[in-house]
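Enquirer: The primary structure of each chain is shown beneath.
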Amino acid sequence: MTNRGLRETIVGLVMIPLSVVPIWLYVTKTDDGYLMYLRARYALAPPSTPRLSHEQYRLASAARHQREVGVAVLLYHGIGRTSTDGGGSRFVISRTRFAEQMRALDAAGYRAITCRMLAGYLRNGRSRNLPRKPILITFDDGRFDAMLQADPILRDTHLRATMFVIAKRAQDGALYYATSDELRGYVRSGRWEIENHTYDLHSAQQVGRFSRSALATPHAGETLSHYRWRISRDLDRAQHSLGGPIAFAYPFGDWGEEAPAGVAQVLHRVLRKRFLLAFDQDGQSSWRSAIPGDDRLRIHRLEVSDWTPVALLARLRVGSRRSAAALRHA
Amino acid sequence: MGTASTRARSRGHSRQFDLATRIGSRPQRPERERALPRPAPIDPLEEVEAAVPEHLEDSLLVCILSRLLQLVCLIYGAALVYWIWLAKDVTVSLFLRDPLFYGYSLLVTLYCASRFALAPIYRPTPDRGFRPTASIVIPAFNEQECIEATIDACYAADYPADRLQVVVVDDGSTDQTWQRILSARMRHPALLCLRFERNRGKRAAMAEGIRRSSGEICVFVDSDSVVRADGLQAIMADFEDGRIGGVVGQADVLNKSENWLTRMQQVRYYVAFRVIKGSESLFGAVTCASGCFSAYRRPVLLSVLPRWETQRFLGRKATYGDDRALTNAVLRDHRVVYQARARSYTLAPTTMRQFLVQQLRWKKSWLRESLHVVRFIWRKHPLAAALTYMSVLFPWLAPIVLVHSLCWRTLAAGSPWFYLMGAYAMALLYSLYYAIARRSPLWWHGLSFVAVYMAILVWQTYYAVATLGNTAWGTRASVHADDTTPVIVAPPLVSS
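In order, the protein sequences belong to chains A and B. Add 20 to the 1-based position in the first sequence for my numbering, that's all there is to it. Add 851 to the 1-based position in the second sequence for my numbering, that's all there is to it.
Possibly wrong hints are sitting among the right ones.
[As the list claims (entries may be wrong)] Cross-link-like lysine-lysine pairs, in silico, BS3-like; alpha carbons within 30 Å at most:
{"hint": "1", "chain 1": "A", "residue 1": "K188", "chain 2": "A", "residue 2": "K49"}
{"hint": "2", "chain 1": "A", "residue 1": "K188", "chain 2": "A", "residue 2": "K293"}
{"hint": "3", "chain 1": "B", "residue 1": "K1231", "chain 2": "B", "residue 2": "K1168"}
{"hint": "4", "chain 1": "B", "residue 1": "K939", "chain 2": "A", "residue 2": "K188"}
{"hint": "5", "chain 1": "B", "residue 1": "K939", "chain 2": "A", "residue 2": "K49"}
Calculated from the structure, these hints are not laboratory results.
Produce the entire structure from the sequences given, and follow the hints as far as they go.
Expert: Here is the structure:
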């Protein structure tokens, strides 16, 4: 009898860790589970922001006195493990790496600016209202993992960022995207601004054998005027639900360069009326900082990937030199 | 993120098994031996004490380990609740997007949370020595194997002999039951024995027993149940309050160690009694006093007896679900409460087939009786009424919601994991509750119950509706003789 009692008790105890296995599988194998884990982690004990090694810090702060030409615009998508994104590692960066990069920017003397400041600088060419080393940090898509993990890092490195939100997905409240409520909370922190990434046109549309951005693709048989009406309505819905953003980011960076004739012009006209700035992600190898005279509706962003802090600073340095050359040329 | 899955509810707790198979663990005696005079019947209570280890006879090591188990489960459960709480933003926005289906989930969560929150408030009425005259009514049909043991167990009860009457009604058995009853009368001369010449059904047998008994309180014990010696006095405690018409005792699974199915049912019984009936009892509105062990005031019974005995449903005489029907009839104008100290043990089905037959029968009686209960439960406490209405509504929606969540949502949103995890978390909480409250290592069988519930029992609601016309009991004949069947009375050998 006692033997059976003991056996049952031991089985009962063993079943406790075993019953955690489905939860563990959920957390490690599914995107939903990972995001649920992140929620719990940040609610209970948010991890501290990693610091730079002594050597990295020395190299980063050595760049403090270098002059900066134009405004570098960085682009991130998600933060976390790569499996949270079907697109692979291009759209996701580890938290540690992101923290190192932000620490390096801070140590190198960069100060984050807002879209409005950038727009003012591009319009009048005066850098008087800008910090000495300005930088614009942007995120696309409004991903929850990015906001949740980037926020404390931005706080610790005295930086701020711009989030381009797909308005409908924020309303829908899937686990993957920050909800409207959460976005409002982040805006209140003063570290984030919310900008437009379409209402519901952030999707791929099949055109023949190619897959194109839905924003820059008229439906089959659609007239340009109807196309214009359709995207205007979409963007206005986003403007309304996001509280009147002033900047826009093209989904997939596609501004219509491969679209049928006339589409890019229509898109340009639609955006010109509504936004001060629009960002793409073209020409990564020839990327440079934004300077007065650039097309304000096609500002290039540097897609940051898993680079060391030193490599990031080197890329910024190259971009700044190119901008200086472009200014001289002009 | 709530689901339909984690509801423990009590269906009509009417059951009666084929008693030849009921004592599965007891070897069948050979034919020849059976003809010989029987040895003194086995005291079922001895069997109970052996079958129910209550931490008393466990070693120190087991005690320490069970404590550890309880503590770990407590922390585990708290962490789980917190995790679910973190998902509330997501759940709320899902609700806004899909109000119908997530509204259901939120309601189910609310329902479970209130049940589990109310249950710990329940305190059994202490025994203040109230000993009214009691009549134990035993209906029996083809139960030669155990009828004597059942009768002996009644007389072994810890209750003043001069205030206890036992009435046994042989419902036209075709085996040796009547002879066994008469032989029991030799040992217990006060036994009142009744016999129908032909089988008339359990209700008729119970009604006949109630009419011919004389105690203030009528006590019912199913033929597959055993009451602990102190159960009878415990169940009387509540009757001191004149408003109370009926009391249901606690039932645990006697053969819980037999296989996973019975262990699973033990977890389910515990929740069905301690949580569901415990919370209903706070408002005096227990909707099902299980036949395992229940007691009613006899005058109240006599007033509802004609209606109950002749209850018809869909043009036929209602056969199964006698206990739930009786509770409803009494509950309409009286209070029905649960008494956790009055403990009994019942034999649970040991095969999936038996289990499903039983569940289908409970489901059908639940279907029939929920039509009655909704008509008067609003007169009870508003919270009791709200919870009852929810419990009537949910099983109807559960299959639709399950299909919606697993199929439609998966196609639309890409993955069912969030929903499945929600269901799993609820199942875990359900099981952990058992571990914490009962300090039992069998806690994890709650998970299998929820799995069986979601996989089979949820769908049974519709199947039960489709087969409502089939009133066969599953273990009993469904065609009964009419009321004109003569009753043979073997009066007590001595008057008590």
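Enquirer: None of the hints should be skipped; say for each whether it holds.
Expert: We went through each hint and held it up to the structure:
1. For the given pair, K188/A sits about 27 Å from K49/A by alpha-carbon distance, which is consistent with the 30 Å threshold.
2. Distance check on the hinted pair: K188/A and K293/A sit about 22 Å apart at the alpha-carbon level, within 30 Å; holds.
3. The straight-line distance between the Cα atoms of K1231/B and K1168/B is roughly 29 Å, inside the 30 Å bound, and the hint therefore holds.
4. Between K939/B and K188/A the alpha-carbon distance is near 20 Å, which keeps this suggested pair within the 30 Å criterion.
5. The straight-line distance between the Cα atoms of K939/B and K49/A is roughly 22 Å, inside the 30 Å bound, and the hint therefore holds.
Taken one by one, the earlier hints all hold for this structure without exception.
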